[in-house]
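Peer 1: In order, the protein sequence lines correspond to chains A and B. So for the first sequence, our numbering puts the first residue at 1; every next one is plus one. So for the second sequence, our numbering puts the first residue at 1; every next one is plus one.
Honestly, I wouldn't trust all of these hints.
Restricting the straight-line Cα-Cα distance to at most 27 Å, the calculated cross-link-like pairs of lysine-lysine (DSS-like) are [stated by the list, open to error]:
| no. | chain 1 | residue 1 | chain 2 | residue 2 |
| --- | --- | --- | --- | --- |
| 1 | B | 96 | A | 91 |
| 2 | A | 112 | A | 137 |
| 3 | B | 93 | A | 91 |
| 4 | A | 222 | B | 362 |
| 5 | B | 239 | A | 278 |
| 6 | A | 222 | A | 112 |
So these bits of chain B aren't anywhere near chain A, every CB distance computed over 12 Å [said to hold, decoys possible]:
| no. | residue |
| --- | --- |
| 7 | 67 |
| 8 | 174 |
| 9 | 192 |
Think of the hints as simulated: they come from the structure by calculation, not from any bench. Every residue, glycine too, gets a C-beta built ideally from N, C-alpha and C.
Given next are the chains, with one letter for each unit.
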Amino acid sequence: MARRETPVGCMVPRPTRIESLIDETYNVRTFRLRPVDGGRFEHAPGQFNMLYVFGVGEVPVTASSDPYQDEYLDHTIRAVGSVTDVMFTLKRGDTIGIRGPFGTTWPMDGMKGKDVMIVGGGIGLNPLKSVITAVAKRRSDYGKLYILHGARTPQDLLFTRDYDEWRRVPNSESHITVDAGDDKWKGNVGVVTTLFDKFTFSAKSTIALVCGPEVMMYFTVKELLKRGMPSSNVYISMERHMRCGMGFCGHCQVGPFFVCKDGPIFNYDAIGRFFGVKQI
Amino acid sequence: MNAYVIGKGQLPDLFERCRALGYDVIAPTLEDGVIRLAPLGSAKELAMNVVTVQSPGKYRTESSDLVFSFTHGPDSPKRFLYPPQRNAWHMAKTEKGFEIRGMGCKEERIAFFGIKSCDLASIEVLDRTLMKGEFKDEQYVKMRSNAAIVVANCINPSGTCFCSSMGTGPRATHGFDLALTELGRGFLVEAGTEVGEEMLNQMSKRGAEPSDLEEAKSRIKAAEARMGRTLDTTDLRDKLYASLESQAFKEVTKRCLGCANCTSVCPTCFCTMVQDVPSLDGRTSDRQITWDSCFNYQFAQVAGGHFRPELWARYRQWMTHKFAYWLDQFDTFGCIGCGRCITWCPVGIDVIQSVKDAQVMK
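Bound-form chain B, shown alone (with noise of 0.2 Å):
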């Protein structure tokens, strides 16, 4: 892997060198003081010398002289490679019946720019459950053998991040075709693919030294050490799954509002509503698939009954499918360790805490 550094105000030069390779470059913006991930046309859109404050129910951003070191805001690249709402056809009445008009498998050519490794390994984690089983979702495979991606590695984990714990942070150490790491003085460069070192190509850039690998590495050192929160996986799958049980699934929904924003802001949570949505002339049905989520009251509904109609169930369902069921589904967690769930909550429920108390309250 070769390293390079770059001058801090190379940054927008990278960014527009991404462009120039013909990729929809989705960055992170401010807009109304949240870090956002979006197209952006320029990089002068580019959200910079800022950080986040994050911690359970609470968000926001200050100024900073780090240039290129916030944690994330709500979205991640879930959004992007397996959007919030598509079509997967669309089908005509014919007068024998109907037929197949399209599918609706969209190919585009994204990098993202400045996602941190949490969520560059909510990637892989993706690649897992929609790609890599006996089934594969057609339009993510498009999307994401396209994609290429730019890694800002942690300096400065928030208040609700927990990706050491996770395994998935604050360094990325595969899957990137650059990583970023600041520095006192410019950006450590790393290329981790053929795509990586091109869209150096043409920048003017230093090899690295040992002092600046040195000097990315105590930095790194230091944001594991500041992370916000810390969870012991020890066992954890065996320990929920005898804690299936636990009263603590009923004293959380105490106070969860079973509104969904955890699911939404997860970057793993990969549950759709699959629908018809015919025109109203009824000439025409598009399948439309869309996020859910395993808190809404009709998720496990049928016709005539209902598996679980009670909030805790629905909570328990989400906690054990991301610490426990996940592993035996994809041989992986479904938690990246991200926070987001714990910051966007809108009454502050620490996931990490249930996981706690699930294991202890009987």
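Looking at chain A on its own, in the form it has when it is part of the complex (with noise of 0.2 Å):
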């Protein structure tokens, strides 16, 4: 996978300001984070940051903001832990610290020609926003793109006031599925691998982006699998407790790989061996 040179002092937070705060959804919230120092930030898509609650800890995020401005970073986070938690009580004005970016990031050269299917499943979708504006904005480097997002319920799609943007991005299509719906939805109802059936892709020339639940990137990879796309043309991110992103802390490992510094994006040819195995 493509590595971008983390800078030096990465042990060390470096402080940004909270710009905006935008609720997603009923428990997202986007977090627009400017450096404190004036300076730029650099990132790439599929990267990760580790945000700092001053007093309480650091959690591992990937950015969805814009990869070609550098001025600020939008994190899109959900509140399930100890420091999730406590962002959710910040507000505009408030001090986030940032160390990072840490590690590997979607192949945005390595797609250039061919056709782009992001698979997002419920917060998973955070870290392939920034893809679909990169892909948007750099239109005819790739082929055709393909947006599919799973929630469980239509409360929980994320970025609904993007759709119409997505959905204007010539040669695209998108699709949406919950597990649920309630009285309102007449849209899909199912898992996302359900939406394989609502339309035809190339498998052989399209690049598979996807990110998710663990089960839910397993039996997505298995259906394009199935449909003749092969691993190389597979690119998942995965989750686990970063909590130094250098290799250090150990808390990250996924079979030989680290996820912070050999991942979070890897290629399914490399890692396919170790995903799905039980507990790994």
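Starting from the two chains in their separate frames, assemble the complex, guided by the hints.
Peer 2: Put into structure tokens, the structure is as follows:
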């Protein structure tokens, strides 16, 4: 995977100011961050940052903002643990620390000239949003764009305010599904893999980028391979509890890989052997 | 490499000589019947004329005619180069947010005196893990680059030792400043570096005769033959990759307590917990790095999920990491054959048996 140099001083969080807060869903919020020092951010789609709340701790999160600007970073977060719970009490103007970026990137160069399929399960759409933005901006570099998103309920669908814009991206199609609909829901009901019957794609010339809960990724990859996609066309973003980001704390290991530095983005050819091994 | 012979009674002099050169000398000392490593204030505290008797789950020391030929206790150089608890930085709350008020990096000049060749090899493994990759652990680099090493070649392995299987002993071949081998009369002392020569500078000594070298060689050869255990490492990585689903992991965890003793005494286990410890008044916070263990329940837990909730999976992670994953990660085994994990396991689980079982029990 493509890897970018992580700046020296990667141990110490850099203060950033919360410029704005946007509620994406009832429990997901986007934090737009600008460096307090007035500097810029280096970031590539798929890489993650360690977000630091003073006195509480850090969480690894991938940015969702436009990768072709370096003035701010958007981090889209669901309140699920001790650090993110505190983050949700922060206000505009408060300070958050950032270490990073760490890890590998989605294959932005490697998929040039190919069709691109985004498959995001739940909050797993977050690390893929910057890819959608990048592909839309450099439209002629890539073939057809497929956006697939599944969520538990209509209320859990992520980035709904961006859907109109995504639909206007030339040569693209979006498909959405929920595990359980409600009275108003008229769309597809079922897990994300049920969407593969809704459209056709060229398995050989499409690069699939998949992120979501591990079980969702497992069945998505299985379905893609079944439909003839070579495993080397499949990329997944792995979730583990990265604590240091530098391969020292050991918490994020999956088989021989450190998700923090060998990932989080893996080509399925590399990780396939260990993916799906129970409790690896 | 220059080789000399010093008298047995000169061992304390050599120790004091290291101290005189300005090192904090970390050396074996007898504490509660156990060989511990500690910075010693005087040669009087050096463990001498003692040997260890080790077997799965058992450890004791006995007096001996051998002056300095015991094997190790639970401590390893890791404890000093990569301490159990340290602060990475100190942060203070400010009006505008927070600012760094100091890095935790300490710079000390330490010398290891009398560690075994397996432990010397463990330092090499830590080097690959902590300072030869893309990222460097700054604290480790600082401690390591100043450290001097006086190794004691092993002529008396214990019942849980298998360094000769892992290619890490009983004789150290490189990476030391001085290497001692206990002879019938005196110690053979090989100087590996200028620093080593300097340590010997003002000591009375004689050049080693071919007969001294021959005696050392035959004592080390005898030690190899008396290794408590052996492990066949041929294609071990691939064999273990083929054994990830083995029932052996479930079998062994009928006995395993998940206590993490093995990872605590392991000289190469490097996993740490990274957490913030705020002061009571909330004005400052320290980034604390403490030894952690893949056996701990929370190790692979994330908010809203758990990747290794069952103990057998954590045992597999540890064992397969040592003997397989580590090769892919750092191009060396994560095991140096010291046998500590076997000796200090409260229920006496023998990792060598586990490695064998994993390959046999499908």
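Peer 1: Are there hints from earlier that the structure breaks, and if so, what are their numbers?
Peer 2: Of the numbered hints, all hold.
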